[in-house]
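There are 2 protein chains.
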Amino acid sequence: MSPYIVILSTGSELTAGRSLDTNSGWIANQLFELGWKVKKFITLPDDPNLILKELQSLKDLAKELPVLGIMTGGLGPTEDDYTLETVLKLTGKTSYSIEKAKLRLTKIYEARGKEYKDILPNVFRQTFVPEGCKTLDNSVGIAVGFIESLGENSYLVCMPGVPSEMTEMFKRRLVPELKKLYPRENLNQRTKWLWNIGESLFQNDFIEPNRDEFFKDAEWGVTANRGYIKCIFQSTNESLLETIVHRLETQYPKIISEDVFQYVHEQLSKMGLTISVAESCTGGLLGKKLTEPSGSSAYFLGGCLTYSNEMKTSLLGVPKETIESFGAVSVEVATAMVKGLCERTGSTYGISITGIAGPLGGTEVKPVGTVCIGLREPSGEISVHQYIFPGNRESIRENASNTAFFLLYQSLKK
Amino acid sequence: MSPYIVILSTGSELTAGRSLDTNSGWIANQLFELGWKVKKFITLPDDPNLILKELQSLKDLAKELPVLGIMTGGLGPTEDDYTLETVLKLTGKTSYSIEKAKLRLTKIYEARGKEYKDILPNVFRQTFVPEGCKTLDNSVGIAVGFIESLGENSYLVCMPGVPSEMTEMFKRRLVPELKKLYPRENLNQRTKWLWNIGESLFQNDFIEPNRDEFFKDAEWGVTANRGYIKCIFQSTNESLLETIVHRLETQYPKIISEDVFQYVHEQLSKMGLTISVAESCTGGLLGKKLTEPSGSSAYFLGGCLTYSNEMKTSLLGVPKETIESFGAVSVEVATAMVKGLCERTGSTYGISITGIAGPLGGTEVKPVGTVCIGLREPSGEISVHQYIFPGNRESIRENASNTAFFLLYQSLKK
Numbered sequence: 067m068s069p070y071i072v073i074l075s076t077g078s079e080l081t082a083g084r085s086l087d088t089n090s091g092w093i094a095n096q097l098f099e100l101g102w103k104v105k106k107f108i109t110l111p112d113d114p115n116l117i118l119k120e121l122q123s124l125k126d127l128a129k130e131l132p133v134l135g136i137m138t139g140g141l142g143p144t145e146d147d148y149t150l151e152t153v154l155k156l157t158g159k160t161s162y163s164i165e166k167a168k169l170r171l172t173k174i175y176e177a178r179g180k181e182y183k184d185i186l187p188n189v190f191r192q193t194f195v196p197e198g199c200k201t202l203d204n205s206v207g208i209a210v211g212f213i214e215s216l217g218e219n220s221y222l223v224c225m226p227g228v229p230s231e232m233t234e235m236f237k238r239r240l241v242p243e244l245k246k247l248y249p250r251e252n253l254n255q256r257t258k259w260l261w262n263i264g265e266s267l268f269q270n271d272f273i274e275p276n277r278d279e280f281f282k283d284a285e286w287g288v289t290a291n292r293g294y295i296k297c298i299f300q301s302t303n304e305s306l307l308e309t310i311v312h313r314l315e316t317q318y319p320k321i322i323s324e325d326v327f328q329y330v331h332e333q334l335s336k337m338g339l340t341i342s343v344a345e346s347c348t349g350g351l352l353g354k355k356l357t358e359p360s361g362s363s364a365y366f367l368g369g370c371l372t373y374s375n376e377m378k379t380s381l382l383g384v385p386k387e388t389i390e391s392f393g394a395v396s397v398e399v400a401t402a403m404v405k406g407l408c409e410r411t412g413s414t415y416g417i418s419i420t421g422i423a424g425p426l427g428g429t430e431v432k433p434v435g436t437v438c439i440g441l442r443e444p445s446g447e448i449s450v451h452q453y454i455f456p457g458n459r460e461s462i463r464e465n466a467s468n469t470a471f472f473l474l475y476q477s478l479k480k
Numbered sequence: 067m068s069p070y071i072v073i074l075s076t077g078s079e080l081t082a083g084r085s086l087d088t089n090s091g092w093i094a095n096q097l098f099e100l101g102w103k104v105k106k107f108i109t110l111p112d113d114p115n116l117i118l119k120e121l122q123s124l125k126d127l128a129k130e131l132p133v134l135g136i137m138t139g140g141l142g143p144t145e146d147d148y149t150l151e152t153v154l155k156l157t158g159k160t161s162y163s164i165e166k167a168k169l170r171l172t173k174i175y176e177a178r179g180k181e182y183k184d185i186l187p188n189v190f191r192q193t194f195v196p197e198g199c200k201t202l203d204n205s206v207g208i209a210v211g212f213i214e215s216l217g218e219n220s221y222l223v224c225m226p227g228v229p230s231e232m233t234e235m236f237k238r239r240l241v242p243e244l245k246k247l248y249p250r251e252n253l254n255q256r257t258k259w260l261w262n263i264g265e266s267l268f269q270n271d272f273i274e275p276n277r278d279e280f281f282k283d284a285e286w287g288v289t290a291n292r293g294y295i296k297c298i299f300q301s302t303n304e305s306l307l308e309t310i311v312h313r314l315e316t317q318y319p320k321i322i323s324e325d326v327f328q329y330v331h332e333q334l335s336k337m338g339l340t341i342s343v344a345e346s347c348t349g350g351l352l353g354k355k356l357t358e359p360s361g362s363s364a365y366f367l368g369g370c371l372t373y374s375n376e377m378k379t380s381l382l383g384v385p386k387e388t389i390e391s392f393g394a395v396s397v398e399v400a401t402a403m404v405k406g407l408c409e410r411t412g413s414t415y416g417i418s419i420t421g422i423a424g425p426l427g428g429t430e431v432k433p434v435g436t437v438c439i440g441l442r443e444p445s446g447e448i449s450v451h452q453y454i455f456p457g458n459r460e461s462i463r464e465n466a467s468n469t470a471f472f473l474l475y476q477s478l479k480k
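These protein sequences, in sequence, are chains H and X. Counted from 1, the first sequence has number 293 at position 227 by the working numbering; the numbering is strictly sequential. Counted from 1, the second sequence has number 263 at position 197 by the working numbering; the numbering is strictly sequential.
For the record, the hints were derived by calculation from the structure and aren't laboratory data. Treat the hints with caution; some may be incorrect.
No distinction is drawn between identical chains; accordingly, a pair holds when it is met within one copy or between any pair of copies.
Unchecked claim - Derived PhoX-like pairs (lysine-lysine); straight-line CA-CA distance at most 20 angstroms:
hint, residue 1, residue 2
1, Lys106, Lys125
2, Lys180, Lys103
3, Lys129, Lys155
4, Lys432, Lys246
5, Lys103, Lys237
6, Lys173, Lys432
7, Lys105, Lys119
8, Lys155, Lys296
9, Lys103, Lys119
10, Lys155, Lys200
11, Lys336, Lys282
12, Lys119, Lys106
13, Lys183, Lys237
For reference, chain H alone in the conformation it holds in the complex:
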């Protein structure tokens, strides 16, 4: 039995667009992997009336069906933290201070020095919870979380809004409680990526024809990204998932992958290979992505940003005549770029990107979105892959750099 799940986040910085709420999505993702679907996210400013009204409607809904409300934020020490006060108004309960949390808070504040010790009394409210509720320890920060009853099989969970405190409390304290409150069967999951295919085409070609066979006992979801779509399948039936993935691999052998960012990072690290890049239209975006994971210095050497034609010649040795004859965005220039690059850096892998990111610079023959990606493999072999990517300047640059990872993935898989 699954409850009707609502995730509620509070904070005026969220509804003013000054901060991005990453908590709700993170919680939803964790719940999804546990096999639960969220019915609604709500974000409210730090306004006790608006918050109370929302909690009241959750409580009303709980008269009809099991409701699970998961709320983050508003448990801090400042005057605009209203969660506890609002919950007490909702339930008519009183609150009490958790002795353990109070001791911990005192210790932390005393260690910080006198100015903090002086304001201690003002911050004790973080250690209060409603009487008779299940508490959730905070092993990262101060504020104590709690689970309050909303009616039969219905609960309101309150957790701090600081992501590091909330995620730890969720995984270590809340999940075990949820499993007791709402027991259910284990759910399995598979994720695959498909490249250069639209969501709607995938649905037409794969989901529809297999709807009766697969998707009565399995759930599917698709997330569109720049260059690829992420396909997620869930079921309690493990062998059904295997069958789905096998069908997917058979139908799309050339465009399927796992998480290419993770795979490229792991394989390059493991195999002791090195890589360098020569970027024109992406201006450094591929290098930036390659150096996102900590530890990328094990394989990423560096490279050249050759945005102007002069730089292609002076930094990479691309012959001026090649650029003049074929244009800066051409198979020939992409080849010369990656060749010159690897001669200079000595890396086992090399990638060159040259393209028209737009909005200006397109022609009939080479429209905006035309991108050539050169790949130099450890064998010394060079191949160039030409694309026409959709969307605006940002989209084309994202597509190009992500697709470079896919080319690396395919080469590393060989």
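Following the hints, put chain X in place on chain H, whose structure we already have.
For chain X alone, kept in the frame of chain H given last:
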């Protein structure tokens, strides 16, 4: 008169936590700059019943007060796009296809090849809008947006969920309509950026002491970014805003700026200057940011990514001994990097970045976050600025590349 504003985003990928809703925060931020506050964000899965229920309560609320609902998502071509259908159910209206959008869609799909042409009839629904509503053209993608009435002075705006399409539609089509629908006294606004100062310190040092004098007739807001905070002041009283900004400039002469990204782009273009970069820990992020605006090819030449020490020597000519004596993250290496860079590229401006992005590699003397930024100015003068940036790997890299723009800004201002 301000309406009661609710931002509604739909998408099962959002409530499953597979994608992060950046639209709602972005819209709230834009509305804030127009002087409007948002009362609630709601996020729903692609479930027509849940969506209809939510729209119905908005319509009910509109009987009591002016309501503005701004909805994103669900206007796409697939079966889980329910926005139009739900709005029609809510209003009892019929829909019709916008001819211009249909022609545009046909052209795009035909260009993509036969398999896309074949599914054309299935995707025409994106060009439909409810009869008698105000339409919002989509100049980036396909789906047409619209404004539907919800009652007296109350409206529901529906826009596509793809951020690039939505933001363009919002700025170019929706804002002028909103200004007509909810006319209000002209609100003036000033935005200034302050570098390397925390939100709470700014509030203590500037807002609190000036609360009585300034902030009875002016609103203020702060957005924290990587390296800087954006301070926004709003008032109908233009001369009060001038006074506030003057006080700010007097109090923070060394850390204040305008929008450095825009300023650097405009000045470099206008003055016919050129720039190149030498990046270590940022791995290409600065080059990527410099090439975000279309037209950056007028001044951005390129540069070198020298992630490994060998590359610093081979690509930029940094003496091996300098790296050995002072370490790769040092004033000396940053100097040698930017010097070698400009000798090779011949650009008027040069920037070098070398630092410890972490989480590993920090020492007692040079902790994680230590970054040296070298600046070579048109005069040939080289200066190096050393920082310790806060946060994780991503934060440190963002801080470093943004601060490089601030240094350029200061130099261009001279």
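Hint-by-hint comparison with the structure:
1. Lys106 x Lys125: Both: 15 angstroms inside a chain and 19 angstroms across chains, each within 20 angstroms.
2. Lys180 x Lys103: Answer is neither; intra-copy 48 angstroms and inter-copy 37 angstroms both fail.
3. Lys129 x Lys155: Within. Shortest intra-copy distance 18 angstroms satisfies the 20 angstroms Cα cut-off; inter-copy 27 angstroms does not.
4. Lys432 x Lys246: For Lys432 and Lys246, the Cα distance exceeds 20 angstroms both inside one copy (56 angstroms) and across copies (42 angstroms).
5. Lys103 x Lys237: within (17 angstroms within a copy, 34 angstroms between copies)
6. Lys173 x Lys432: Answer is between: at 17 angstroms across copies they meet the 20 angstroms cutoff, but 57 angstroms inside does not.
7. Lys105 x Lys119: both (18 angstroms within a copy, 12 angstroms between copies)
8. Lys155 x Lys296: Neither way: Lys155 and Lys296 sit 43 angstroms apart in one copy and 32 angstroms across, limit 20 angstroms.
9. Lys103 x Lys119: between (24 angstroms within a copy, 18 angstroms between copies)
10. Lys155 x Lys200: within (18 angstroms within a copy, 43 angstroms between copies)
11. Lys336 x Lys282: Classified as neither: same-chain Cα gap 40 angstroms, cross-chain 61 angstroms, threshold 20 angstroms.
12. Lys119 x Lys106: The answer is both: 16 angstroms in one copy and 12 angstroms across copies each meet 20 angstroms.
13. Lys183 x Lys237: Cα proximity of Lys183 and Lys237: none, with 31 angstroms in one copy and 47 angstroms across.
Hint check: violations occur at hints 2, 4, 8, 11 and 13; the rest are consistent with the structure.
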